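*Asks:* Residue-level listing of the chains:
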Amino acid sequence: MKHTQKTTGLIRMAIMGTAFVALTVVLLVFQPGSPRHASGTALPETSVTRVAAPLESVVTAPADVSGSGVSFTDVAQQPVAPSSAAPSMRDITFGAISNLKSATTGKAPAPGEPGSLLHSVVQRSIAGEPTQTSPVVQPEPVAAKPARKSVSDKYFVRPGDTLGSIAQEVYGDAGMASEIFLKNTNIMSRPESLRAGMIVDLP
Amino acid sequence: MVPVNRTVAVTVACLGSPLLAQSSAITETARTFSFSMHGEEVTITRRGASCPNSCVQPMSVAPGVATLGELEVIAFLQNAVSNGSGLLIDVRMPTSFSTGAVPGAVNVPAATFAPENPYRPDLLSAMGVTGVDSTPSFASAFSIVLYGRGTDDKDAPNAINSLLDAGYPAGKIQYYRGGISDWTQIGLNLSVGQ
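Chains as they are written, first to last, in this note's numbering: chain Z, 1 to 203; chain R, 204 to 397.
Derived by calculation from the structure, the hints in this document are not laboratory data.
Note that the structure is predicted; figures quoted are calculated from it, not measured.
One or more of the hints may lead you astray.
[What the hints assert, rightly or not] Quick look at which bits of chain R chain Z covers, simulated, 3 or more residues with Cβ under 8 Å:
| # | stretch |
| --- | --- |
| 1 | 261–271 |
| 2 | 323–337 |
[To be verified] What follows is a list of derived Cβ distance ranges for each label pair:
| # | chain 1 | residue 1 | chain 2 | residue 2 | range |
| --- | --- | --- | --- | --- | --- |
| 3 | Z | M16 | R | T248 | 29 to 35 Å |
| 4 | Z | K107 | R | V245 | 54 to 60 Å |
| 5 | R | H241 | Z | A19 | 43 to 49 Å |
| 6 | R | G267 | Z | V21 | 36 to 42 Å |
| 7 | R | N286 | Z | D153 | 47 to 53 Å |
| 8 | R | A342 | Z | T105 | 15 to 21 Å |
| 9 | Z | Q31 | R | T354 | 26 to 32 Å |
| 10 | Z | G197 | R | S340 | 32 to 38 Å |
| 11 | Z | Q31 | R | A342 | 50 to 56 Å |
| 12 | R | G267 | Z | S189 | 35 to 41 Å |
| 13 | R | P255 | Z | P111 | 54 to 60 Å |
| 14 | R | P372 | Z | P203 | 31 to 37 Å |
[Said to hold, decoys possible] From chain Z, some residues computed to sit far from chain R (all C-beta separations above 12 Å):
| # | residue |
| --- | --- |
| 15 | I97 |
| 16 | L100 |
| 17 | E169 |
In this text, a Cβ means the ideal position worked out from N, Cα and C, and glycines have one as well.
Kindly produce the complete structure, drawing on both the sequences and the hints.
*Replies:* Below is the structure:
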């Protein structure tokens, strides 16, 4: 009788031990909620249970939403961040702007349109602000051609000219671009509507 | 029976040890709160997520900024978002947003609202602010509701304060404090990859 009890005890012990080891191995192998399961950047994330729990209800979400009058079909895809490094503030911001434009106008801004990165860079270079893409403006050509302004108060726009380059050439100061634009609002609705062949008045 | 009891005791001790971890911080300044009731000291502690990553946020972010519940958020979606005058903004990072967000939400990470972001004027412009470079006008700016991970996510309040500093009128900003955590906890659906 005592022998039977002892055997039963050993069996129970073995079963519990096996279960414990198996559970530990499963947790070690799969590591639910481990940061390496999250794609992309290693940003501070919420705890595992909060993110993982709602995923059961997530599968049916698009079907539920489709009839609610809010259209998601034309919303732009999230910009894919490089998986090795954290996306820069510029990429994050313009990704967000693209999201906002998609939500408010129904489509993401095309390159060059207001709200796009290209548009912003162009605006900044016109305004004379240093940006990541435009190196420091060299003052050299100004000294070479200082007489343009004295000859005429008008400027014939050549191919490749921008308000910034004209301001740089005529005044040696790209910051004058906005002044030139303000002087010519009668022929230009926007700074980027400058075309070769136009004759702009110089302030 | 002795070995069995010992095994059970050891197993329970091994599995139960994580539960005995020390309490975590509730806010930046407080780990516990105490009060007395009928002369007895009562203490409020917290387990799991801890400050500074997960600080419990107050109900009110700033004067004039209303705090919403789920039904108010849904009403906002049905009214302001539907007629194009409002935006529901998810301030989490894109990786979190893509795993599931409130239907109709737009992802604008909280960091982009910070004054250090050199591209913030472009962002404000996309939110309907005019004249961002000289004298900003918020007359046609969208009315917005911001939310983050949940009641212990400081990102949404931070974003709201940054917007207020930028001049965004408090009357056009609202705060959904429950965030994605409360939204899912009560069983409301998410929209994935929108």
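*Asks:* All hints are to be evaluated individually against the structure, with a verdict given for each.
*Replies:* Now the hints, each set against the structure:
Under the rule that three or more residues need a Cβ within less than 8 Å of chain Z, the assignment of the stretch 261–271 of chain R is violated, with 0 such residues. Evaluation of the coverage hint for the stretch 323–337 of chain R: fulfilled, as 8 residues show C-beta separations to chain Z shorter than 8 Å, against a requirement of three. At roughly 32 Å, the beta carbons of Z/M16 and R/T248 sit within the given window of 29 to 35 Å. Z/K107 and R/V245 have their C-beta atoms about 57 Å apart, which keeps the hinted 54 to 60 Å range intact.
Between R/H241 and Z/A19, the C-beta spacing of about 46 Å keeps the proposed range 43 to 49 Å intact. For the pair R/G267 and Z/V21, the supplied restraint of 36 to 42 Å is violated, since their beta-carbon distance comes to about 59 Å. At about 50 Å, the beta-carbon gap between R/N286 and Z/D153 stays in the expected band of 47 to 53 Å. Between R/A342 and Z/T105, the C-beta spacing of about 19 Å keeps the proposed range 15 to 21 Å intact.
Remark: the range hint 26 to 32 Å for Z/Q31 to R/T354 is upheld by a beta-carbon distance near 27 Å. Between Z/G197 and R/S340 the Cβ separation comes to about 35 Å, which falls inside the hinted range of 32 to 38 Å. In this structure the hint that Z/Q31 and R/A342 lie 50 to 56 Å apart at CB holds, the actual value being about 52 Å. Restraint check, R/G267 to Z/S189: a C-beta distance of roughly 37 Å satisfies the suggested window 35 to 41 Å.
Distance hint check: the CB atoms of R/P255 and Z/P111 are about 40 Å apart, inconsistent with the given range 54 to 60 Å. Range check, R/P372 to Z/P203: about 36 Å between beta-carbon atoms, so the 31 to 37 Å window is met. A beta-carbon of chain R is positioned within 12 Å of the beta-carbon of Z/I97; the least distance is around 4 Å. Look at Z/L100: its CB is around 4 Å from the nearest CB on chain R, not clear of 12 Å, so calling it non-interface is violated.
The claim that Z/E169 is not at the interface with chain R holds, since no C-beta of that chain comes within 12 Å of its own (minimum 24 Å).
In this structure, the earlier hints numbered 1, 6, 13, 15, 16 are contradicted, and the remaining ones agree with it.
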